[in-house]
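First to last, the sequence lines map onto chains L and Y.
In the numbering used here, each residue carries its 1-based index in the first sequence increased by 2.
In the numbering used here, each residue carries its 1-based index in the second sequence increased by 2.
What the hints contain is simulated information worked out from the structure, not anything from laboratory work.
Keep in mind that this is a model prediction, so the values were computed, not measured.
Take these hints with a grain of salt, some might be off.
Treat identical chains as interchangeable: a pair holds within one or across any two.
To be verified - In silico SDA-like pairs for lysine to any residue, Cα to Cα no more than 20 Å straight-line:
| # | residue 1 | residue 2 |
| --- | --- | --- |
| 1 | K25 | G62 |
| 2 | K88 | D28 |
| 3 | K25 | P124 |
| 4 | K25 | R71 |
| 5 | K88 | R69 |
| 6 | K88 | A108 |
| 7 | K25 | A130 |
| 8 | K25 | S68 |
| 9 | K88 | D119 |
| 10 | K25 | R69 |
| 11 | K88 | A130 |
| 12 | K25 | T41 |
| 13 | K88 | D40 |
| 14 | K25 | C94 |
| 15 | K88 | N42 |
| 16 | K88 | Q43 |
There are 2 protein chains.
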Amino acid sequence: MLPTPSPQNPPAVLDPELAAALKRDDAGLVAAVVQQFDTNQVLMLGWMDDEALHRTLTSGRVTFWSRSRQEYWRKGDTSGHVQWVKSVALDCDGDALLIRVDQVGAACHTGTRTCFDGRELPAVVGAA
Amino acid sequence: MLPTPSPQNPPAVLDPELAAALKRDDAGLVAAVVQQFDTNQVLMLGWMDDEALHRTLTSGRVTFWSRSRQEYWRKGDTSGHVQWVKSVALDCDGDALLIRVDQVGAACHTGTRTCFDGRELPAVVGAA
């Protein structure tokens with residue numbers, strides 16, 4: 003019997019060259035920045051193991067690994083707030099993905115369009 | 003003598019309410035998405051512990067914790083490719099920051115404007 007896939011025990015589904023390029027954290031995850039493709043708005047950040055990335059690359063829908071629930075989570079299955087994949091890129095050192103999507107409705111579970119809306123911190127503004 | 007600050011041993015510098023809102027990974031870090039403020043282009047993703055966030059919020063310049071070098075890294079000190087802080091937001095569940103900046107030159111150490119340029123993965127495009 004095959005072992006159950008998990009971030010610590012990913013199935014061999016990704017292209018081996020891509021799998022070798024991923025720089026995973028201790029939990030087997032890379033960060034996934036999700037961006038609205040036509041406005042460039044940053045919607046949210048999620049986490050992906052090899053299996054979540056495989057599903058995202060092959061299905062047209064974004065799937066994350068939920069660190070809090072410890073399970074796969076295909077965005078929109080419960081809320082209807084689907085993320086349709088437009089493109090996926092891996093950064094220079096392999097620990098971050100940029101997923102460009104068409105977001106249906108609110109990206110945030112709190113109901114705001116993005117997970118950063120209205121959550122600004124006091125910061126000193128820099129200038130040259 | 004005070005202990006040397008590190009991700010595992012942050013100094014008590016952040017506002018306690020903010021420090022309590024951070025959901026750090028096992029290494030004491032949160033993800034920091036860096037975005038060009040006027041084009042919304044996603045430039046790179048870095049990592050911050052409490053001290054790096056404190057420096058970023060108070061100095062007008064972006065400082066990361068380098069996971070590979072295990073040291074603080076103020077963007078641009080070596081390359082000249084400074085990131086001037088425009089705004090900082092923390093997401094709904096406290097594990098990701100959105101840092102809007104004015105980026106001088108290339109954000110990527112490879113010389114490309116962003117760390118995602120020219121690094122697209124083959125992906126199935128989704129549609130409603």
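Verification of the hints:
1. K25 x G62: neither (24 Å within a copy, 30 Å between copies)
2. K88 x D28: neither (29 Å within a copy, 32 Å between copies)
3. K25 x P124: between (32 Å within a copy, 19 Å between copies)
4. K25 x R71: Between. Shortest inter-copy distance 14 Å satisfies the 20 Å Cα cut-off; intra-copy 23 Å does not.
5. K88 x R69: neither (25 Å within a copy, 30 Å between copies)
6. K88 x A108: Answer is within; shortest intra-copy Cα gap is 17 Å, inter-copy 25 Å.
7. K25 x A130: neither (34 Å within a copy, 32 Å between copies)
8. K25 x S68: Both. Shortest intra-copy (18 Å) and inter-copy (14 Å) distances satisfy the 20 Å Cα cut-off.
9. K88 x D119: Answer is between: at 15 Å across copies they meet the 20 Å cutoff, but 23 Å inside does not.
10. K25 x R69: both (17 Å within a copy, 11 Å between copies)
11. K88 x A130: between (36 Å within a copy, 12 Å between copies)
12. K25 x T41: neither (29 Å within a copy, 28 Å between copies)
13. K88 x D40: Classified as within; 10 Å inside a copy, 22 Å across copies.
14. K25 x C94: So K25 and C94 pass the 20 Å test inside one copy only (10 Å; across, 25 Å).
15. K88 x N42: Intra 12 Å, inter 17 Å, cutoff 20 Å: intra and inter.
16. K88 x Q43: For K88 and Q43, the Cα distance is within 20 Å both inside one copy (14 Å) and across copies (16 Å).
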